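Student: As a plain string of letters, each chain reads:
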Amino acid sequence: MNGIHDLGGRHGMGPIDIDPEQPIFHADWERRMFGMFILAFAGGHFNIDQFRAAIEKMKPAEYLESDYYEHWLYSLETWCKANGSLTDEEIENRMRKLSKGAA
Amino acid sequence: MSKAHEHDHDNRSDISLRVKAVESLLIEKGLLDPAAIDKLVDAYEHKIGPHNGARVVARAWSDPSYKQRLLKDGTAAIAELGFTGIQGEDMVVVENTSGVHNMVVCTLCSCYPWPTLGLPPNWYKAAPYRSRAVIDPRGVIEEFGLKIPESTEVRVWDSNAELRYLVLPERPAGTEGLDEAALAKLVTRDSMIGVGLPLSPDRGTE
Chain A
1 MNGIHDLGGR HGMGPIDIDP EQPIFHADWE RRMFGMFILA FAGGHFNIDQ
51 FRAAIEKMKP AEYLESDYYE HWLYSLETWC KANGSLTDEE IENRMRKLSK
101 GAA
Chain B
1 MSKAHEHDHD NRSDISLRVK AVESLLIEKG LLDPAAIDKL VDAYEHKIGP
51 HNGARVVARA WSDPSYKQRL LKDGTAAIAE LGFTGIQGED MVVVENTSGV
101 HNMVVCTLCS CYPWPTLGLP PNWYKAAPYR SRAVIDPRGV IEEFGLKIPE
151 STEVRVWDSN AELRYLVLPE RPAGTEGLDE AALAKLVTRD SMIGVGLPLS
201 PDRGTE
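The listed protein sequences derive, respectively, from chains A and B. Quick note on this note's numbering: the first sequence kicks off at 1 and runs consecutively. Quick note on this note's numbering: the second sequence kicks off at 1 and runs consecutively.
Calculated directly from the structure, the hints in this document are not laboratory data. Hints may contain errors.
One side only, chain B facing chain A, incomplete, derived with CB under 7 Å [unchecked claim]:
1. L17
2. I135
3. G139
4. W157
5. L163
These figures come from a predicted structure and were not determined experimentally. Note that beta-carbon positions come from the ideal geometry of N, C-alpha and C, so glycine has one too.
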């Protein structure tokens, strides 16, 4: 698919942010997202092509503006919803519950 | 704080909450084991990294028959050292010589040889490197502080979801007396991506 993810040869993306001290994960949610992805992948929720295909269907502006591991979340959600493991409603209800618990 | 920053901040805390919600639901449904997540994160954060690839390179520098196997069938030769698994199933090793410099990119995403290099640095996953590596490789390499002579051919390898590349850098001068372990210490992550060179022995063994 010829989409926004196909960045090779584009101009205007700015300088490369070379910081040798940068951590592998910037926040705990990135760690959790990484682990979930591997397990969901190993557990057969999606294969690598499906995983990529979902990311490639993200809206172009959303793709460029979101963090790397947000792409992973988007794909994981896409396939978990497709196979009936999760619904949007469940996720939103759980978010409300968790945010009340944290308050 | 500007409006834009506030907006970013809100999004970020939402993402963190959303990831937590998804994780807790999948755990509750018996689809995820939280201890397994911890174990995986620990492995990729602390155990699997470029020191693995450095051992492969040092072995190739020390053992000509290993080097031959490595260039012929990267996956099998790397597996000889025990580095196998996810995102390293099909490995191609490309050799730098006096006339050829190789560099690796994934223009579509972030494909990277996990068993030998661990998880990619952020710049490897970000738009500036991905977009420019294929149209201005010399300029990109210079941004990393390395100038490739005009007479040297630069080859750029675009990784994909299955095929992963590892650069075999040239062995630095003045390393004739070093054993494999000492050589491995000279091999940097960037030299195996092709945006750097190995350390010289006087710097690397400090």
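Student: All the hints need checking, so say for each whether the structure fits it.
Tutor: Status of the hints after comparison with the structure:
1. Using the Cβ-Cβ criterion of 7 Å, the hint placing L17 (chain B) at the interface with chain A is satisfied: the shortest such distance is roughly 5 Å.
2. Checking I135 (chain B) against chain A: minimum C-beta separation of about 5 Å stays under 7 Å; hint holds.
3. Given the 7 Å rule on beta carbons, the hint for G139 (chain B) is violated: about 10 Å separates it from the nearest Cβ of chain A.
4. With a cut of 7 Å, the hint placing W157 (chain B) at the interface with chain A is violated, because the nearest CB-to-CB distance is about 12 Å.
5. Look at L163 (chain B): its Cβ only gets to about 12 Å from chain A, farther than 7 Å, so that hint breaks.
When held up to the earlier numbered hints, the structure conflicts with 3, 4 and 5 and fits the remainder.
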